[in-house]
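A.B. asks: Residue strings, one per chain:
Number of protein chains: 2
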Amino acid sequence: MSVTKEFVCLLNFLAIISGHRRFHSYNGRFGSSPSDTWNNDAPSRLFQPIPATYRLIQSGAPPQPYNRSREALQLPLLADGEPLANEIYIDIKEGLQYVFQTKSAWAFAAQGSATTAIQAVLDNLIEPGDRVLVGICGHWGDLMADIARRLDANVITIRKRTGRRFSFQEISSAVKRYKPKVLALVQGESTAGVFQPLDGIGDLCQREGCLFVSDSTSVVGMQAVMMDKLKIDAAMTGSQKGLGGIVGLAPIVLSDRAVERIKNRTKPPRGYQTDLIQIAQQWNATGDFQSYSVPLLYSLRESLALMAEEGMENTFERHAKATRQLHQGMEALGLRHFVDEPNDRLVGITTFHIPSGKDATKISDYMLNRHNIFISTGYGEIAGKVLRFATYAINADPTRVENLVMALKDALNSSETNIS
Amino acid sequence: MSVTKEFVCLLNFLAIISGHRRFHSYNGRFGSSPSDTWNNDAPSRLFQPIPATYRLIQSGAPPQPYNRSREALQLPLLADGEPLANEIYIDIKEGLQYVFQTKSAWAFAAQGSATTAIQAVLDNLIEPGDRVLVGICGHWGDLMADIARRLDANVITIRKRTGRRFSFQEISSAVKRYKPKVLALVQGESTAGVFQPLDGIGDLCQREGCLFVSDSTSVVGMQAVMMDKLKIDAAMTGSQKGLGGIVGLAPIVLSDRAVERIKNRTKPPRGYQTDLIQIAQQWNATGDFQSYSVPLLYSLRESLALMAEEGMENTFERHAKATRQLHQGMEALGLRHFVDEPNDRLVGITTFHIPSGKDATKISDYMLNRHNIFISTGYGEIAGKVLRFATYAINADPTRVENLVMALKDALNSSETNIS
Numbered sequence: 006m007s008v009t010k011e012f013v014c015l016l017n018f019l020a021i022i023s024g025h026r027r028f029h030s031y032n033g034r035f036g037s038s039p040s041d042t043w044n045n046d047a048p049s050r051l052f053q054p055i056p057a058t059y060r061l062i063q064s065g066a067p068p069q070p071y072n073r074s075r076e077a078l079q080l081p082l083l084a085d086g087e088p089l090a091n092e093i094y095i096d097i098k099e100g101l102q103y104v105f106q107t108k109s110a111w112a113f114a115a116q117g118s119a120t121t122a123i124q125a126v127l128d129n130l131i132e133p134g135d136r137v138l139v140g141i142c143g144h145w146g147d148l149m150a151d152i153a154r155r156l157d158a159n160v161i162t163i164r165k166r167t168g169r170r171f172s173f174q175e176i177s178s179a180v181k182r183y184k185p186k187v188l189a190l191v192q193g194e195s196t197a198g199v200f201q202p203l204d205g206i207g208d209l210c211q212r213e214g215c216l217f218v219s220d221s222t223s224v225v226g227m228q229a230v231m232m233d234k235l236k237i238d239a240a241m242t243g244s245q246k247g248l249g250g251i252v253g254l255a256p257i258v259l260s261d262r263a264v265e266r267i268k269n270r271t272k273p274p275r276g277y278q279t280d281l282i283q284i285a286q287q288w289n290a291t292g293d294f295q296s297y298s299v300p301l302l303y304s305l306r307e308s309l310a311l312m313a314e315e316g317m318e319n320t321f322e323r324h325a326k327a328t329r330q331l332h333q334g335m336e337a338l339g340l341r342h343f344v345d346e347p348n349d350r351l352v353g354i355t356t357f358h359i360p361s362g363k364d365a366t367k368i369s370d371y372m373l374n375r376h377n378i379f380i381s382t383g384y385g386e387i388a389g390k391v392l393r394f395a396t397y398a399i400n401a402d403p404t405r406v407e408n409l410v411m412a413l414k415d416a417l418n419s420s421e422t423n424i425s
Numbered sequence: 006m007s008v009t010k011e012f013v014c015l016l017n018f019l020a021i022i023s024g025h026r027r028f029h030s031y032n033g034r035f036g037s038s039p040s041d042t043w044n045n046d047a048p049s050r051l052f053q054p055i056p057a058t059y060r061l062i063q064s065g066a067p068p069q070p071y072n073r074s075r076e077a078l079q080l081p082l083l084a085d086g087e088p089l090a091n092e093i094y095i096d097i098k099e100g101l102q103y104v105f106q107t108k109s110a111w112a113f114a115a116q117g118s119a120t121t122a123i124q125a126v127l128d129n130l131i132e133p134g135d136r137v138l139v140g141i142c143g144h145w146g147d148l149m150a151d152i153a154r155r156l157d158a159n160v161i162t163i164r165k166r167t168g169r170r171f172s173f174q175e176i177s178s179a180v181k182r183y184k185p186k187v188l189a190l191v192q193g194e195s196t197a198g199v200f201q202p203l204d205g206i207g208d209l210c211q212r213e214g215c216l217f218v219s220d221s222t223s224v225v226g227m228q229a230v231m232m233d234k235l236k237i238d239a240a241m242t243g244s245q246k247g248l249g250g251i252v253g254l255a256p257i258v259l260s261d262r263a264v265e266r267i268k269n270r271t272k273p274p275r276g277y278q279t280d281l282i283q284i285a286q287q288w289n290a291t292g293d294f295q296s297y298s299v300p301l302l303y304s305l306r307e308s309l310a311l312m313a314e315e316g317m318e319n320t321f322e323r324h325a326k327a328t329r330q331l332h333q334g335m336e337a338l339g340l341r342h343f344v345d346e347p348n349d350r351l352v353g354i355t356t357f358h359i360p361s362g363k364d365a366t367k368i369s370d371y372m373l374n375r376h377n378i379f380i381s382t383g384y385g386e387i388a389g390k391v392l393r394f395a396t397y398a399i400n401a402d403p404t405r406v407e408n409l410v411m412a413l414k415d416a417l418n419s420s421e422t423n424i425s
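Going down the list, the protein sequences come from chains D and L.
The first sequence runs 6 to 425 under our numbering.
The second sequence runs 6 to 425 under our numbering.
The following block holds chain D by itself, in its conformation from the complex (with noise of 0.2 Å):
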């Protein structure tokens, strides 16, 4: 053995001396052998380590996440169907059960950022030629318009200008006029740092026999939202927002309303992965039906956990508190707020004009170069037009509030952020 080891490692030498390609012992017996089109050689720039480099992300994109959910991504793993990633299911579903204040048993999360989760809904609840009313207000709101679009829904839209929310009464006409079988709001529409207030709605949903479906992804976590209370049939958000975990699982809570919808469909959901009905039966050891990416499924745990923990009520007062910090600090230096109307603006998410005179592209490179402060001048229709500034989970910090606050008033002093 040894020796057959040693000559192998000589026709390796020789082989590489000479210029040829290594010597293998392919046999024939296991798969494709190499051959003249055998490319042998490595991309060079896989022998670099990754240039990873501590930063602040205080944008609206995922944030730094809590540091307990970024170190339980480490701890051991799981195969699938071991009893304890039973375990960690039901964990999560009283978690999301809490944060999303509601007693539904459809509680479990999907694979993917929050638009896999959009997706999974829509996919799930509409079937091909169902009338489906969207709000729209923003990116998101376009999002979920082109998602059932795509799933040959009559997706008919009412529209906000990007930084104003719908009232009561406009949905309200909406639906009795077009009576939905679907009506798709975004809660926080987060590119303009808007606030949909929804209450009333699901009430008017219920006796409008239209199923009410919630993208509430920039408010789980920042602020309460009462699924049961206010009656949505589907609500969902990211791991890696207000629940300041990583990104790459989508928490979605149905009620039974919508369950009973997605049980009597004409034919399967078209997305396979995003069948609700089958994840379902996974996380209630049902059903063995997909490979979870186990380190987020205990990252995602511990967001909740964390959560519990402070309770809820304070977790919310901090992330108002630190938004009001944040507003008054940035309204100290002559900031205007891109969202007209004080109560329409959302909480953890906040967006003020460029300041006359200033390059929205110039103060971001002068943050995270000076700073290290990763911050966002704005998504989709308002993409360089607007500052974004996150507060929200580890973000929602006086000391780090602060520290935002002082990068950006020396931002603005600076010479080097004027428009040439």
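Keep in mind that a hint or two might mislead.
The list makes no distinction among identical chains, and a pair is therefore deemed to hold if it is satisfied within one copy or across any two copies.
[Claimed, not checked] In silico DMTMM-like links for lysine to aspartate or glutamate, alpha-carbon gap of 20 Å or less:
(1) 414 to 370
(2) 184 to 421
(3) 390 to 293
(4) 268 to 151
(5) 414 to 318
(6) 186 to 87
Because the hints were derived from the structure by calculation, they are not lab data.
Since the structure of chain D is provided, determine the placement of chain L on it from the hints.
C.D. replies: Just chain L now, kept in the frame of chain D:
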């Protein structure tokens, strides 16, 4: 400030001892206020730590990842759109070109398990009514047919008994007879442990004008997948299989022919989040499509780096050796292969019949409880009917294989594993 804070604390204390929910200072400006329906009882389960303990996973389920792939999860995070994110995409693309042996620029990863990749590929290549021919030798073939049917394809299947594979002639006659727009085959049917040779099929498909899709999940990283030479139009895998990473990313490589087909679609694919043209744009730094789980990107990048450093042929040689060692060890224990034909057996995933008089579940329980080793007793049609062992990635190691064989010897010698 301090006085206010202590006053709130006092009120909270009074509220708690008097049995009421905690005082809160919501001012109505920020979203919904708690109300009568508010439940502030955090789930008690979440106050316990996760009881994860280390075990050796040697089933075909996600195995232990390589240490470096796992440790990369902890690197500092990035925000969406940072230049380093684009660098990581390029690193992964070049790594995938290396392991799939292709020059195609259409190499990237979707988010989710390998099933997401299968769904993404079929959804992008198929339009409703398209004729799709699926070869089924076990669970993964059935899955592809199910996914294609949900996409309203006209699905035609050819089928082999589990444990067998198709001859070239069988595939060739079916393609000529049915003239499908897409032929979908499973290169490694991991449930049974069967390897499907693909030689000549790409040429056949080009002659017959159909696209050739290969689910190479259980082959990539264990054996050569010569995508260009085999003229595969779409091949995919999961980050957790032969690449030895963490579940959650699903590499996909497309040929120019496949991309041409996608670009000529009359309507966009049904799944928004798995729109491959938009994913490719993000990976080529010409779009900003979705939030990726950055720790998973780091991890996949490190899996590919490990393979580049070891050298692909050495990696395959290590897998072939470990698999031979497993076969010899298990045969010496008297185990009979589930796959009769030696040439049809996969590298890295091997199935054996349950020895007579022995109970599959008792064997796997014994292995886990006495030896801390998780093995599989089959999945899908052959669930509970086989013993399945993984010798891939970190498990393609002589000491680990020896340890597995010794533990199984002990399990088979024990009366505790007898059928009662």
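A.B. asks: Can you give me the call for residue 390 and residue 293, within, between, both or neither, at a CA distance of at most 20 Å?
C.D. replies: between (47 Å within a copy, 17 Å between copies)
A.B. asks: Could you figure out if residue 414 and residue 318 sit no more than 20 Å apart (CA to CA) within one copy, between two copies, both or neither?
C.D. replies: Answer is neither: 32 Å inside a copy and 56 Å across each miss the 20 Å cutoff.
A.B. asks: Given identical chains, is residue 186 near residue 87, meaning Cα to Cα at most 20 Å, within a copy, between copies, both, or neither?
C.D. replies: Answer is neither: 39 Å inside a copy and 40 Å across each miss the 20 Å cutoff.
A.B. asks: Can you tell me if residue 414 and residue 370 fall within 20 Å by alpha carbon in one copy, between copies, both or neither?
C.D. replies: For residue 414 and residue 370, only the intra-copy Cα distance (14 Å) is at most 20 Å; the inter-copy one is 62 Å.
A.B. asks: For residue 184 vs residue 421, is the C-alpha pair at or below 20 Å within one copy, between two copies, both, or neither?
C.D. replies: neither (54 Å within a copy, 64 Å between copies)
A.B. asks: At 20 Å max between alpha carbons, let me know whether residue 268 reaches residue 151 within a copy, between copies, both or neither.
C.D. replies: Between copies only: 18 Å across chains, 24 Å inside a chain, cut-off 20 Å.
Hint violations for this structure: numbers 2, 5, 6, all remaining hints satisfied.
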